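4 protein chains.
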Amino acid sequence: MGKIKTMILVLRNDISEQELSHILEKIKQLGFTPHISKGIKKTIIGLIGEQAERYREIFESIPGIESISEIELPFKLASREFKEDSTVININGVEIGGKEIILMAGPCAVESREMLLQVAREVKEGGAKILRGGAFKPRTSPYSFQGLGKEALLYLKEAKELTGLLVVTEVMKPEQVELVAEYADILQIGARNVQNFELLKEVGYSRKPVLLKRGIATTIKEWLMSAEYILSGGNYNVILCERGIRTFETATRFTLDLNCIPAVKKYSHLPIIVDPSHGTGVHDYISSMSKAAIACGADGLIIEVHPSPEDALSDGPQSLRPHEFKQLVQELRPIAEAVGRKL
Amino acid sequence: MGKIKTMILVLRNDISEQELSHILEKIKQLGFTPHISKGIKKTIIGLIGEQAERYREIFESIPGIESISEIELPFKLASREFKEDSTVININGVEIGGKEIILMAGPCAVESREMLLQVAREVKEGGAKILRGGAFKPRTSPYSFQGLGKEALLYLKEAKELTGLLVVTEVMKPEQVELVAEYADILQIGARNVQNFELLKEVGYSRKPVLLKRGIATTIKEWLMSAEYILSGGNYNVILCERGIRTFETATRFTLDLNCIPAVKKYSHLPIIVDPSHGTGVHDYISSMSKAAIACGADGLIIEVHPSPEDALSDGPQSLRPHEFKQLVQELRPIAEAVGRKL
Amino acid sequence: MGKIKTMILVLRNDISEQELSHILEKIKQLGFTPHISKGIKKTIIGLIGEQAERYREIFESIPGIESISEIELPFKLASREFKEDSTVININGVEIGGKEIILMAGPCAVESREMLLQVAREVKEGGAKILRGGAFKPRTSPYSFQGLGKEALLYLKEAKELTGLLVVTEVMKPEQVELVAEYADILQIGARNVQNFELLKEVGYSRKPVLLKRGIATTIKEWLMSAEYILSGGNYNVILCERGIRTFETATRFTLDLNCIPAVKKYSHLPIIVDPSHGTGVHDYISSMSKAAIACGADGLIIEVHPSPEDALSDGPQSLRPHEFKQLVQELRPIAEAVGRKL
Amino acid sequence: MGKIKTMILVLRNDISEQELSHILEKIKQLGFTPHISKGIKKTIIGLIGEQAERYREIFESIPGIESISEIELPFKLASREFKEDSTVININGVEIGGKEIILMAGPCAVESREMLLQVAREVKEGGAKILRGGAFKPRTSPYSFQGLGKEALLYLKEAKELTGLLVVTEVMKPEQVELVAEYADILQIGARNVQNFELLKEVGYSRKPVLLKRGIATTIKEWLMSAEYILSGGNYNVILCERGIRTFETATRFTLDLNCIPAVKKYSHLPIIVDPSHGTGVHDYISSMSKAAIACGADGLIIEVHPSPEDALSDGPQSLRPHEFKQLVQELRPIAEAVGRKL
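Protein chains in written order, with our numbering: chain A, 1034 to 1376; chain B, 1034 to 1376; chain C, 1034 to 1376; chain D, 1034 to 1376.
By construction, these hints were calculated from the structure, which means they are not laboratory data. Since the model is a prediction, treat every value here as computed from it, not as a measurement. Heads up, some of the hints might be wrong.
Because identical chains cannot be distinguished in the list, a pair is counted as satisfied if it fits within a single copy or across any two copies.
[To be verified] Derived DSS-like pairs (lysine-lysine); straight-line CA-CA distance at most 30 Å:
#1 Lys1038 <-> Lys1183
#2 Lys1061 <-> Lys1183
#3 Lys1071 <-> Lys1061
#4 Lys1132 <-> Lys1359
#5 Lys1132 <-> Lys1241
#6 Lys1183 <-> Lys1234
#7 Lys1359 <-> Lys1375
#8 Lys1132 <-> Lys1375
#9 Lys1234 <-> Lys1059
#10 Lys1241 <-> Lys1157
#11 Lys1241 <-> Lys1038
#12 Lys1234 <-> Lys1190
#13 Lys1241 <-> Lys1359
#14 Lys1157 <-> Lys1183
#15 Lys1193 <-> Lys1375
Make a model of the complete structure from these sequences and hints.
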């Protein structure tokens, strides 16, 4: 069994529609799925497969192709080699990966309708564009609160209608994807499922944007390989989310690894946001680490906000109160501007 | 929402069947599932739930109960407090957790019928009791060999019939459990799925023994919590498997953490085996670490054996050749005896 | 042997000089060294020792003392409980820990007189206040360049006279302290010596400010304990420096742990700076991580600058060129302002 | 500056003394220090230096040399390439690295004369050959017991005279080496000083055997580089000691990394022992991990023994009582025999 190669066909800028159709047809004829990447300067098509390189000669003689190259990195569609321009994901006008810093906020778990609607209104007021809230909750203990399930999805939908916020919520198993996709604008894959490949494949078949959290012991390369599972299924709308890695340090619950921001930006075109709530696990450090995240290039933040953190059913100690969230957004704005972004 | 408590009812040795029935009925009436643990000296019943302790008085006055206590650890059914005697899992006469060291061996992935049957015969000859072989393979890259799937299950069944070996193979998603359970004697949960709670719940409903691998960044406590997910579903046949944790050291692929053997034995009654192949990732260290594992109390080993490791579709560099496996078993025998076990 | 206690005597604001002298005399009489902390609101005296608490009653009756309390944390003099106001270290007018962000820059190792003088002029021009440069170099291999030693100290002195920059350089063994202190304004303790307690004691007896780098596997608590070694020797001028911890991630040489900035600020009054060069080990990430460090509250940066990184005798790949350093300072300025600092 | 090369001159078995002298003279003439390794089959001479390879031609024409090769690994004198046969260090008849498993035992710190003499007699009776006991103690806190210092060295000497045990004790700074070497048979370098290069150089100039503990975040390669510092000073008697690395797991104080035993044995000829007391930090796991260490090839163990661990001034919870130590030795014997060693 050979090493997987990825052949890149760079199209001529003056390619005709007919030529393009011909190329795509040829690719499918050979048994490959064509992955198209339209850049500002160039459009390219990626062919991924075991013997992709064997057909190089065929494409060399087809009109409309300027040049042919190969991607050496283990991740292909996720790489900057495949797509030079940074990906901007547009969901109903909210652009993730663009000039604007996007804030996602809300409670760790949806605990009740009233609480969710209250928090939704507050974070909207504060400047959030997307509402977070767990309906299905992965919990270390089988005896801990596991989320309200479908009931929570209904509340999220109501909150969305009420506030205009988009909704992101977690999906935990393949057969849940369809249900969650009905209610959510973004499907979240949690840190524990970053290498749950069956689930990755399933959301790869969906056309909903996916928020892919990094696992607590996942290298950046492995993480981009997990993104590749989703992209190779045809779903190109993947948002990465750094949420802390496990190290020897115990002063923080996890070690938020901001180094991954410039590293991901170097190797991949995908947008990346930061979760300072899970990443530190300490209420008092959320503000500082949010600022640092924006300063080093994150495209957004996902922050836990709860009206009374001390009563939260899950992850209270790392949640901001609504007024603290609003205060934080005020403080983030000049930093966003200092790095040429807006908020 | 209160902290989960576990109430332990220690039964009198002279309890009558009628008294026992009455107790079980009462437990169900109150909305709890009774978990029974029959020890050599005592039989106990565990009640797990949010307000379990509220009903203490009720049980204090019921005949047949000698004493009532509580489990403080976060894992309940998995703890030695719940079950003092070590669990021995008997599968068609093969006892895991008993006096005998049990060897599981076979290829990383089932690659073909011929190869599997050959390896099965060889490892049987060498002293293995259980055949390992992946049908569904979790791979970091979507472009790597993903396993033969159902075809492999058929080969495993054939190998079992031919050699009398039991079969262990991995299950990767909830809806696969039923299919895999038809062919396998033990369902394997891989390291990457150690906190795939939906999958844990599903195998908890099954009655097939489960081999639960530790995640690469899973603490011993979290691992026992994952076992608790399975036990609390009613499936008490869980075998733990240490397979290396991720550390800063790069001389080995992972750091096989043998310290977890005495730690697990202290806190839990569940049997535990060791995977020196994945744990080190280095062919040359498998023999030494197998010996160490037996010396410090492991109940068995799971070892990758491949007729020509250099051609393996997955994890070749960490596989033993059949004759090396046989040689290793010879060397393990005196160590097993030195610690009062047999092989 | 009892647990070490630290008794804190909070002085009355209207205490007379005579009363203060009496208290200090009493403390010495009892065999303790008094550590004085003058805050904006209050002045306190710390007594550290095995039976400090035994003498509580004595002090309760001495005039001039407002109240008596104890520090529970294992680090005493380094804690915010001992000294509420953040420490500002003034070296010839350069204030570390004050409103201004302080930049330290220069080559990893002093390689030649010409190179050092050139870099010194350039970083001064760029905005640095302190020149870094290794004279004695700790190297993993005994066969690697070990530094120019005393010769380098002379060049550093010359560079200082030429540019007005202060000088920070590493000291590697107790008997070197005196020599290095003659030439340097700040004594650097490298990451590998963070728990070289004999060296810490020696610089504790010096009155030169100390730059204490965090070890690659040192918890924040242990790090503050190492600072305590220096403080308890009577040298209160300790600057902490985060330089990356060792984790499983290999995309960066170390994982720069910015979470420690708000954590140290919470528990300690000592100033803290960040070393993005060693912390990431990747030239391309230095700029982003420098911005993040300022955004989350660091009091300064220490950055490697080399005129031709590709020829450096040590750590070339993580050095900025002089013009890159100047460019970076321009980009850092608006971030410093966004968090209420200046640069 | 060029990469350091190491040229290996393999001598002819029938080399004359005159030829050998000529070769050594030539080497010194060229400015190198010759390192001689006499193996069972071959004697080789290593030349380490920046341009060693430049002189290849010169040696090619000198009589008595069979062949010339180069060592590619970063550690040279510590490598099996330089010395194929495992090093056996003989100290007054006690052989470390030979067939016999060597036990070192005693208290963490020397606390009093009486206690030390009592423990010495007991561990001698139990089968130890070497007495451990800290005179100078590296402690995280400046307020913790720092050891009795020179007084403890006198007690160790007395215990040695009384029991015939050899003595190993820690040295913490370069200027202590001479003093400690007067009293100790083996100089211990603690984990925190594994990259205290000035200290390594100093013990490299000594001719006393050195016990070099691995640091808590030191890779095997870095550890062997630290050994290289000592060897390159001319002290070839280095014993490595694994004592646990820092990982995310908190069930043990450190993660004893037994994988390093076969790894070190593969890459180096130096003997290696294991410290299960510091390695686990848990009394109950010491026995199991001692067995595992012997089973996977360790040449010895260093175990903390204290008459009343609950009163120990340092590291009590990880000490065995004298009778537990004796019991353990009984249990280790059959394992040693199972792997072809004796005890």
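Practice prompt. Evaluate Lys1061 and Lys1183 at a C-alpha cut-off of 30 Å and name the case that applies: within, between, both or neither.
Written response: Between copies only: 27 Å across chains, 40 Å inside a chain, cut-off 30 Å.
Practice prompt. Tell me, please, which holds for Lys1132 and Lys1375 at an alpha-carbon limit of 30 Å: within, between, both or neither?
Written response: both (6 Å within a copy, 26 Å between copies)
Worksheet item: For the identical chains here, do Lys1038 and Lys1183 meet the 30 Å Cα criterion within one copy, between copies, both, or neither?
Response: Classified as between: cross-chain Cα gap 27 Å, same-chain 42 Å, threshold 30 Å.
Worksheet item: Can you tell me if Lys1132 and Lys1241 fall within 30 Å by alpha carbon in one copy, between copies, both or neither?
Response: So Lys1132 and Lys1241 pass the 30 Å test inside one copy only (22 Å; across, 47 Å).
Worksheet item: Is the C-alpha distance from Lys1157 to Lys1183 at most 30 Å within one copy, between copies, in both cases, or in neither?
Response: Answer is within: at 23 Å inside a copy they meet the 30 Å cutoff, but 49 Å across does not.
Item to complete: Go through the copies and call it for Lys1241 and Lys1359: within, between, both or neither, with a Cα cutoff of 30 Å.
Response: within (29 Å within a copy, 44 Å between copies)
Practice prompt. Give the relationship of Lys1234 and Lys1190 under a CA distance limit of 30 Å: within one copy only, between copies only, both, or neither.
Written response: both (26 Å within a copy, 28 Å between copies)
Worksheet item: When no copy is named, should Lys1234 and Lys1059 be tagged within, between, both, or neither for a Cα gap of at most 30 Å?
Response: Within one copy only: 26 Å inside, 46 Å across.
Practice prompt. Could you place Lys1132 and Lys1359 in one of the four classes (within, between, both, neither) given a Cα distance threshold of 30 Å?
Written response: Result: close both inside a copy and across copies, 21 Å intra and 25 Å inter.
Practice prompt. Please work out whether the CA atoms of Lys1241 and Lys1157 approach to 30 Å or closer within one copy, between two copies, in both situations, or in neither?
Written response: Answer is within; shortest intra-copy Cα gap is 22 Å, inter-copy 49 Å.
Discussion item. Cα distance capped at 30 Å. Does Lys1193 pair with Lys1375 within a copy, between copies, both, or neither?
Written reply: The answer is within: 24 Å in one copy meets 30 Å, while 42 Å across copies does not.
Discussion item. At most 30 Å between alpha carbons: which applies to Lys1359 and Lys1375, within, between, both or neither?
Written reply: Both ways: Lys1359 and Lys1375 sit 16 Å apart in one copy and 25 Å across, limit 30 Å.
Hint check: no violations occur; every hint is consistent with the structure.
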